[in-house]
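Peer 1: Take a look at the letters that make up each chain.
Number of protein chains: 2
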Amino acid sequence: MSKLLAVGTVAFDAIETPFGKTDKILGGSGTFVGLAASQFGVDTGIVSVVGGDFPKEYLEMMNAKGINTDGVEIVEDGKTFFWSGRYHNDMNSRDTLVTELNVLADFTPVVPEEYKNASIVMLGNLHPMTQISVLDQMNEKPKLAILDTMNFWMDSALEDLHTVLKRIDVITINDEEARQLSGEYSLVNAAKKIHEMGPKYVVIKKGEHGALLFNEGKMFFAPALPLAEVFDPTGAGDTFAGGFAGYLAKTEDVSFENLKSAIIYGSNLASFCVEKFGTQRMESLGLGEVQQRLEAFKELTQFDIKLS
Amino acid sequence: MSKLLAVGTVAFDAIETPFGKTDKILGGSGTFVGLAASQFGVDTGIVSVVGGDFPKEYLEMMNAKGINTDGVEIVEDGKTFFWSGRYHNDMNSRDTLVTELNVLADFTPVVPEEYKNASIVMLGNLHPMTQISVLDQMNEKPKLAILDTMNFWMDSALEDLHTVLKRIDVITINDEEARQLSGEYSLVNAAKKIHEMGPKYVVIKKGEHGALLFNEGKMFFAPALPLAEVFDPTGAGDTFAGGFAGYLAKTEDVSFENLKSAIIYGSNLASFCVEKFGTQRMESLGLGEVQQRLEAFKELTQFDIKLS
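Those protein sequence lines, which keep their order, are chains A and B.
Residue numbers for the first sequence follow the UniProt record's numbering, beginning at 1 and rising by one.
Residue numbers for the second sequence follow the UniProt record's numbering, beginning at 1 and rising by one.
Isolated chain A (complex conformation) (with noise of 0.2 angstroms):
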């Protein structure tokens, strides 16, 4: 089994959504991340940053469930990254009612020894240069390195950001992003020149619409589970990229045929943490649970066409 590396935010939520509201609760990227991989007993290492105010009981929830805190510091005068949202009705779209960037504004991430020979890294959405110093500190190029990114990188630091990209292997990026980031309506299109800018593979997330792995002219679909009721989509996409790294850091193969398993596992994860307010499913969660889910995913996908 190879190691993961994954690196981003564990952070405080505050959310409302029309079903309910929390105070401070568990979030973050790299926390999503962490919680989808660990159902595959890969041996996860999550590099982040939190302040004082940050409950030890968090990070040894995380312990027991084997994913390894070392890379998490702990900045004892400071405070934890704190975001707070609104979700409207519909639940696709959100108002965000805090950011308060705390420890996080001056987060340099540093690779504990161990984790310094993953083959999979994880580098969440985060600075593109701040990526790019978590690639420099491994000992070799990773079998497989994904990012996560978003607009407000293209908006902020585009060339940054295209630096990164030649060295990364696997792209997430959502439809308006990846629109937003080639200048293509076309996600085919978007596909194409985003790999021309150096990933060999592009994932394209559609929330609720599914996601879309696109490779060399190869193409494929994982459809998102519909669902009688969303309870919170907070760390549904973060959980799609966690269930991708750690089913391939688990499977140890990263072509493309593997790959597909990958976003089935992504968006299989994803349909459960929608099912509770922040990372709840996601700590309850078994993978008798997963493995029974995967059954719905090729009852609403797979097919045999009698004509021929």
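No wet-lab data here; the hints were simulated from the structure.
Be aware that a few hints might be false.
[What the hints assert, rightly or not] Distance condition first, Cα-Cα at most 25 angstroms in a straight line; then the derived DSS-like pairs of lysine-lysine: (1) B/Lys21 with A/Lys200; (2) A/Lys200 with A/Lys3; (3) B/Lys56 with B/Lys21; (4) B/Lys24 with B/Lys116; (5) A/Lys218 with A/Lys200; (6) B/Lys24 with B/Lys276; (7) B/Lys206 with A/Lys298; (8) B/Lys298 with A/Lys192; (9) A/Lys276 with A/Lys21; (10) B/Lys306 with A/Lys218; (11) B/Lys141 with B/Lys193; (12) B/Lys306 with A/Lys3; (13) B/Lys65 with A/Lys306; (14) A/Lys206 with B/Lys298; (15) B/Lys65 with A/Lys298; (16) B/Lys206 with A/Lys218; (17) A/Lys298 with B/Lys192; (18) B/Lys200 with A/Lys306; (19) A/Lys65 with A/Lys24; (20) A/Lys143 with A/Lys218.
Chain B: place on chain A using the hints.
Peer 2: Below, chain B without anything else, positioned relative to chain A:
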């Protein structure tokens, strides 16, 4: 092979897209349904109405493809239904510029004797009472009655719509309309409520995001094929419905398993429809190309998970 009866419009369209502009060309839901179904060589009868201005060549083109137009009434001193629209840059939204009902305003469909025993009936998007009048003319309950409708009838003739819903087997409806009809945001819950209104099968069309098929708790998803270029989306929804109905008429099997294949074929044919203006691509299409594209649909959706 079963007979297919398709009731809908045969019309003139004038279309503007970012790629160009047409004068009045052949359009209409019945036309697109007929052209799609003709791919399977099924005996399709169209019931519609046109004016004296409608070129005989259009009817001859349809006849040459095996589409029976005996049920297309020609009102010599009337004008053909005309729609004109302009698509926005994203191709997902459009403005209607002109709608001239003309002969369609007084349309009373008359089912030709030889199609009164059709086993598949496709009721195009018309007034629910008009749809009922077609069912009333059949010799016996068809094996499968498929109904298309839209928000306009929910706003103006909801009670009549509920009456016809009790008499049909499959409803095809887009996502927003499914939400309006059911009062449910989640498509899973929407399908459940619509199911209770009568239809055993609920097909929810999501345009470029594919289509969902629901049947008594079971669920299947057919993606739309991601395309590098969408030239003109006009008729894609009707082509989807025509491919669906045509495949079922061809295979004479209305089980859930076969309906899954039918929506894949619907999506397949729709992916051709948008490649050129109006009916152009559907007129030149052959089953060989359709079967070839089926491979693209398999590659897009079929996966084989290693992890057990």
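Peer 1: Does each hint hold? Answer for all of them.
Peer 2: Hints, verified against the model:
1. B/Lys21 with A/Lys200: Answer violated: B/Lys21 to A/Lys200 is near 38 angstroms, above 25 angstroms.
2. A/Lys200 with A/Lys3: 21 angstroms, holds
3. B/Lys56 with B/Lys21: Roughly 24 angstroms separates the two Cα atoms, so the pair holds.
4. B/Lys24 with B/Lys116: 33 angstroms, violated
5. A/Lys218 with A/Lys200: With Cα atoms ~11 angstroms apart, A/Lys218 and A/Lys200 stay inside 25 angstroms; holds.
6. B/Lys24 with B/Lys276: 15 angstroms, holds
7. B/Lys206 with A/Lys298: 20 angstroms, holds
8. B/Lys298 with A/Lys192: 21 angstroms, holds
9. A/Lys276 with A/Lys21: With a Cα-Cα distance of about 12 angstroms, the restraint between A/Lys276 and A/Lys21 holds, given a limit of 25 angstroms.
10. B/Lys306 with A/Lys218: 20 angstroms, holds
11. B/Lys141 with B/Lys193: 24 angstroms, holds
12. B/Lys306 with A/Lys3: 19 angstroms, holds
13. B/Lys65 with A/Lys306: 23 angstroms, holds
14. A/Lys206 with B/Lys298: 20 angstroms, holds
15. B/Lys65 with A/Lys298: Distance ~37 angstroms between B/Lys65 and A/Lys298 Cα, so the pair is violated.
16. B/Lys206 with A/Lys218: Cα-Cα ~23 angstroms, so holds.
17. A/Lys298 with B/Lys192: 21 angstroms, holds
18. B/Lys200 with A/Lys306: 22 angstroms, holds
19. A/Lys65 with A/Lys24: 22 angstroms, holds
20. A/Lys143 with A/Lys218: This hinted pair holds, its Cα atoms lying about 21 angstroms apart.
In this structure, the hints that do not hold are numbers 1, 4 and 15, in rising order.
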